[in-house]
Amino acid sequence: MRHRAAHRKLGRTSSHRLALLRNLATALFDKERIRTTLPKAKELRPWAEKLITLAKREDGRVHARRLVSRDVQDAAVAKKLFDTLAPRFASRPGGYTRILKLGARKGDGAEMAIIELIGSEFQPGKKEAAKKEAEKPAKEEAKAADKPAKADKPKAEKKAKADKPAKAEAKPKAEKKPATRKKKADAAE
Amino acid sequence: MPNPKRRHSKARTSTRRAHDHLTAPGLSNCPNCHEPKLPHRVCPHCGHYKGKQVVDSKEA
Ligand SMILES: [Zn+2]
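Each protein sequence line maps, in turn, to chains A and B.
Using the numbering used here, you'd call the opening residue of the first sequence number 1 and step up by one each time.
Using the numbering used here, you'd call the opening residue of the second sequence number 190 and step up by one each time.
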């Protein structure tokens with residue numbers, strides 16, 4: 001009987017599993033869109049959403065920050081979670097993430113998935129925009145930006161870096177997204 | 190040690206195996222690019238899902 005055995009073990013010891021979930025959640029809050037296996041994505045979803053809900057807590061912000069920083073041990077990502085992600089999801093009663101199934105991975109046949117924060121969906125041509133944004137605030141990063149970014153990773157990192165020094169810039173960005181969605185909805189009508 | 194009492198005929202073997210077969214995946218055509226795709230999955234060919242492009246077509 002598998003009564004009351006709600007979670008997957010993911011082939012790991014409990015400490016290894018906890019470390020995995022922490023790493024996945026940190027990556028999700030940092031990159032906002034990560035690709036992993038479907039079982040990991042499904043385990044991550046409730047786990048990461050609880051952290052977002054914690055970050056949304058109005059009372060006792062210090063307590064919430066300490067609870068979150070147990071799991072999100074990257075201080076910059078924890079800060080992002082409280083300063084940009086929590087306000088972004090303030091009016092959403094849970095369901096902050098979406099899982100997209102991608103099909104089997106070549107090699108071991110594992111079902112792959114993308115887990116993304118709502119509002120961080122794929123946008124064709126967004127990569128170039130992210131590149132431009134990264135160039136603006138930090139000239140030091142110009143060298144890195146000059147190199148044609150090969151994969152998503154360097155770009156996402158740049159974006160994250162750009163978010164950190166300039167909070168002011170990150171906030172209007174979060175506001176822009178719902179606005180564009182509204183436009184789309186209007187167009188659909 | 191227990192042993193079979195009676196001979197097992199070829200007919201009995203093949204009757205048992207009558208239902209042994211693989212099932213075809215429930216493929217349908219992508220509404221965007223018309224390539225075959227699995228249900229509830231992002232199209233591996235064009236990266237569309239539910240009428241929107243959700244992943245880079247190369248990424249998927
Ligand atoms: Zn397609």
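Certain hints may be false.
[Unchecked claim] With a straight-line cut-off of 25 Å between C-alpha atoms, the simulated DSS-like cross-links for lysine-lysine are:
1. B/Lys241 to A/Lys42
2. A/Lys101 to A/Lys9
3. A/Lys101 to B/Lys241
4. A/Lys79 to A/Lys101
Everything labelled a hint here was simulated from the structure, so no lab data went into it.
Hint-by-hint comparison with the structure:
1. For the proposed pair B/Lys241 and A/Lys42, the alpha carbon gap of about 22 Å is at most 25 Å, so the pair holds.
2. For the proposed pair A/Lys101 and A/Lys9, the alpha carbon gap of about 20 Å is at most 25 Å, so the pair holds.
3. Restraint check for A/Lys101 and B/Lys241: satisfied, since their Cα atoms lie roughly 14 Å apart, inside the 25 Å limit.
4. Note on A/Lys79 and A/Lys101: the hinted pairing is violated, with a Cα-Cα distance of about 30 Å set against a maximum of 25 Å.
Hint compliance for this structure: hint 4 alone is broken.
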